[in-house]
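Participant: What follows is each chain in one-letter form.
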Amino acid sequence: MTAKRKRQGGATGASGGLSSKRELRELIETVLSLTKGTDADEAEIHIEEVDDWLTRFANNAVHQNVAERGVTVSVRTIADGRTARATTNRLDQDSLRGAIEASLSLAHSQPKDPYLLPVPGKQKYRAVNRFVNSTARITPENRARAVKRASDLAIRNGQVAAGIFSTGQSQTGIGNSRGLFAAYRETHAEFSITMTDGSATSWAKANSADVRTFDPQSLAQLASDKARRAVDPQELEPGRYTVILEPAAVLDLVGFLFYDFAATAVADKRSCLNDRMGKPLFGKNISILDDAYHPLQLGANFDGEGIPRRRVQLVQAGVPRRLVYSRRSAKAARKSPTGHGFALPNEYGEAPMNLVFSGGNASLDEMIRSTDRGLLVTRLWYIREVDPYEKVMTGMTRDGLYRVEKGKVTSAVRNFRFNQSLIEMLRNVEMLGPAVRATGEEAFEMVVPAMKVRDFHFSEVTKF
Amino acid sequence: MLFLKGHDERGVPLLIVGWSGGSRNLMWDLAAHSLDVARLRGASCADVRVMHLRQRDLTTKNGEVGTLAQSESIGLGIRVLANGAWGFASTDILTRDGVSRCAAQAVAIAKASALAKRGDVVMAPEEAYVDSWQSPCQKDPFEIPLETQLALLLAADAEMRRIKGVTLTETDMQFRKIDSWFASSIGSRIHQRKVISGCGMAATSFQGQEIQKRSYPNSFGGQHALQGYELIESLELLKHAPALAEEAAALHSAAQCPAKTGTLILGGSQLGLQIHESIGHPIELDRVLGQEANFAGTSFLTLDQLNNLRYGSNIVNVVADARPEHGRGLGSFAYDDEGVPAQCTDIIKEGQFRGYLSNRETAHLIGLNRSSGTMRTESWNRLPIIRMTNVSLLPSTWSLDDLIADTDDGMLMDTNRSWSIDDRRYQFQFSTEIGWEIKGGKKTRMLKNPSYSGITTEFWNSCDAICSREHWTLWGTPNCGKGQPMQTMGTGHGAAPSRFRNVRIGTAFSNQ
Chain A
1 MTAKRKRQGG ATGASGGLSS KRELRELIET VLSLTKGTDA DEAEIHIEEV
51 DDWLTRFANN AVHQNVAERG VTVSVRTIAD GRTARATTNR LDQDSLRGAI
101 EASLSLAHSQ PKDPYLLPVP GKQKYRAVNR FVNSTARITP ENRARAVKRA
151 SDLAIRNGQV AAGIFSTGQS QTGIGNSRGL FAAYRETHAE FSITMTDGSA
201 TSWAKANSAD VRTFDPQSLA QLASDKARRA VDPQELEPGR YTVILEPAAV
251 LDLVGFLFYD FAATAVADKR SCLNDRMGKP LFGKNISILD DAYHPLQLGA
301 NFDGEGIPRR RVQLVQAGVP RRLVYSRRSA KAARKSPTGH GFALPNEYGE
351 APMNLVFSGG NASLDEMIRS TDRGLLVTRL WYIREVDPYE KVMTGMTRDG
401 LYRVEKGKVT SAVRNFRFNQ SLIEMLRNVE MLGPAVRATG EEAFEMVVPA
451 MKVRDFHFSE VTKF
Chain B
1 MLFLKGHDER GVPLLIVGWS GGSRNLMWDL AAHSLDVARL RGASCADVRV
51 MHLRQRDLTT KNGEVGTLAQ SESIGLGIRV LANGAWGFAS TDILTRDGVS
101 RCAAQAVAIA KASALAKRGD VVMAPEEAYV DSWQSPCQKD PFEIPLETQL
151 ALLLAADAEM RRIKGVTLTE TDMQFRKIDS WFASSIGSRI HQRKVISGCG
201 MAATSFQGQE IQKRSYPNSF GGQHALQGYE LIESLELLKH APALAEEAAA
251 LHSAAQCPAK TGTLILGGSQ LGLQIHESIG HPIELDRVLG QEANFAGTSF
301 LTLDQLNNLR YGSNIVNVVA DARPEHGRGL GSFAYDDEGV PAQCTDIIKE
351 GQFRGYLSNR ETAHLIGLNR SSGTMRTESW NRLPIIRMTN VSLLPSTWSL
401 DDLIADTDDG MLMDTNRSWS IDDRRYQFQF STEIGWEIKG GKKTRMLKNP
451 SYSGITTEFW NSCDAICSRE HWTLWGTPNC GKGQPMQTMG TGHGAAPSRF
501 RNVRIGTAFS NQ
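Residue numbers (the numbering used here), protein chains in the order written: chain A, 1 to 464; chain B, 1 to 512.
For the record, the hints were derived by calculation from the structure and aren't laboratory data. All values reported here derive from a predicted model rather than from experimental measurement. For each residue, glycine too, the CB sits at the ideal point set by N, CA and C. Among the clues, some could well be false.
Unchecked claim - With the C-beta cut set under 8 Å, the calculated list includes, among others, these residues of chain A facing chain B:
| hint | residue |
| --- | --- |
| 1 | GLU68 |
| 2 | LYS112 |
| 3 | SER363 |
Stated by the list, open to error - Simulated DEER-style distance windows between Cβ atoms:
| hint | chain 1 | residue 1 | chain 2 | residue 2 | range |
| --- | --- | --- | --- | --- | --- |
| 4 | B | GLU64 | A | LYS408 | 30 to 40 Å |
| 5 | B | GLU64 | A | SER20 | 32 to 42 Å |
| 6 | B | ASP140 | A | ASP80 | 42 to 52 Å |
| 7 | A | GLY179 | B | TRP133 | 48 to 58 Å |
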């Protein structure tokens, strides 16, 4: 992205890299300087830069293969007690001035906001290092060869592979007219594979800042083995079952809880925690922390206003204890901001973005061995909220549902629809595995354990 | 320094400074140059999109302004075939050097793709077109004063807050203007401009142990269409706000929707989403062919079902119609993002399954010699993929009053609250914000927490009445996610209230 040639990758496909922290700061300072002489009382500048690559495969071959590079500059101005935001990806001075003017024009169009806060001053940040050169150096050829190996495995096993292998790097920077400056960069790598065996499917996926922490071929082998065990599924009656939820299934369900811990959502009375803070709600074996500094987490160490993220113990032994706060919601509640605010202006306030569940010591095998009658769930799909206060969620099982009888996995089972209260589910957890970085498709990545849950409610069955 | 003085990294003045309509030639020059570079690097086929997207978002909450933001994005994306495989790259550096590098990168990626190909990509033939098209727009929403727009939202917000029991009020407006310059190696040069507007409001009521909500004219952001500000004015927010808020509060004392098997009448917006999930997605040929198996899923509509499957009852006629004459839907355009003219395809004809959504790469696999024109991209930095256009249930002859009068024992459900369907699009469950019991041909008591579920083909075969054109609306679904990296696309769904028999009702709340 920089003046010294980083913005476009080479024709060989190698990554072009991100601009330096110094260059990021220079850009922010230059945009801030352009706000001088306008009627902006204060200003805040966000920079986002991405350099992402994704190789997609299906039917045992690459069918889509893309690269994306881009930079955006977002300007928030404050003038006479009003604020608004304008964003552009055009970095010439005229365009940046245009964004500043658009922001001011939007700001002036509204009534004064009596609760608007000035931009914060300089902050201190705890360092995090999530940029891994090994990930940044991955090329399209590297990804294509990994895909070919996985596809060859599928062909050898009479199966069909589909999935993605993506790598990339991104950074975000924020600065304001009171001298605050923060920058964060990370690399990210993801491999996801679905193996189809006849009409049966299974799936495996990993996601990390460091591409070396997972082996695509091992994931392909795992998905292949599970797909083979998923053939010839039996149809069972809907009802309440003991389920063993693999981490991806847990993640995609509990991911729907994160927004309920926003102080603004509670104030708006749309959180399931209304009238429930400080009271036993989940089982005593459930504790949830928001921790941006956990070694298995990704994401910036500051929020949308540049406030450092704090660790927040949201749930302790089944009791919701604390919420997260932006500066605005913190002031309204006479609390301290926790560094979870979204970029302003917005109506949602804040949310915890780095959930870490306390795990246990049980292995998946131990959960299976201890189960007389139950179901092993690989992943869930199309989860939506049915009842926002009881937190009833609906969705489907997908890509590998297996019957557990007398301590053993015995057969595949046709996929079920569930209608299940998350609150009830987290009261019924009988065993917990170690918390791991889990990745699914419904929620962003979190650190969660596998769970054995009793009385999970399946309401209907589908045809496969 | 990052292009701050109107120069690129080599000190060359940026060509798009002062960008305006006068820069159109520049867009074509950049597109043509990138195609040249792709060809010289070894591409056998290429197409390129230069796109300029502008968006304005306004929201209010509880009488205060929430989001107030505007954004623009401009860039170029090029798709190439080299060594028989695909590559795509995008850039926001709109200089000859920038797009040259981007085109070369796309070819390099295609050559890497060829390392893991199983055969060469074959494209259905298509004509070259040189054309320009603009969606109808009576009032440019970007020219309407912001004060006017905010004043309307704040007034609607205030009207809802007047109602006792309402604990949260929200309103929103969204406007988009998208310019696209498409050029391809077969000689097409197509400029399209679309103006999209959207608006909605919602009242939420928390009482006791329950949260209830009512939205107008639809949930999750309201109605969205390929229209200007005239859409907003036609919605009459202030007129509908009080009744909406009253319903949100009244739902707390309404009876719980019972669990039973019975007759169901769906309101138009809910039926639009039913079409989207249980017809629109399963007919996407990329899903059918397994290209979405890892993420969005596949489809029960395997190729042997074409012209053989009885999808619905005899009165069910569904088309995928991108032509502007179908209406000002989010799926309307003149050409898709592969340079294929908009078309109307029969999907279900008198209940029989007749067609898929295809592109130039997949058309020949179902025996067609031409794409059905459904390749669409979210932005310059995304690859076009098969998407729904306007997938609509054609109207019939019933009036809604007559349909209710003709129903002895049933339920009417309206405005979506939750939606979910399995990854092959067989089994679905929907819940709506509100329902009413129908007894003896009359709409009687209000029901809360309504839901229904079923198997796609069983459901559509149980359809025995569809309302007339007078009740038909081309609903906009602005938030359809598909693809990796994820793309969000707007789709259109024409629907009128319709009746279904022997439907499972109340499943979402049974046994809780």
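Participant: Each of the hints needs a verdict: does it hold here or not?
Facilitator: Hint check:
A hinted interface residue such as A/GLU68 counts as satisfied when its beta carbon comes closer than 8 Å to some beta carbon of chain B; here the least separation is about 5 Å, so the hint holds. Here the hint on A/LYS112 is broken, as its CB sits about 10 Å from the closest CB of chain B, past 8 Å. Because the closest C-beta pair between A/SER363 and chain B is about 27 Å apart, greater than 8 Å, the hint is violated. Checked against the hint of 30 to 40 Å, the pair B/GLU64 and A/LYS408 fails, with Cβ atoms roughly 58 Å apart.
Look at B/GLU64 against A/SER20: about 40 Å separates their beta carbons, and that is inside 32 to 42 Å. Remark: the range hint 42 to 52 Å for B/ASP140 to A/ASP80 is contradicted by a beta-carbon distance near 28 Å. At about 50 Å, the beta-carbon gap between A/GLY179 and B/TRP133 stays in the expected band of 48 to 58 Å.
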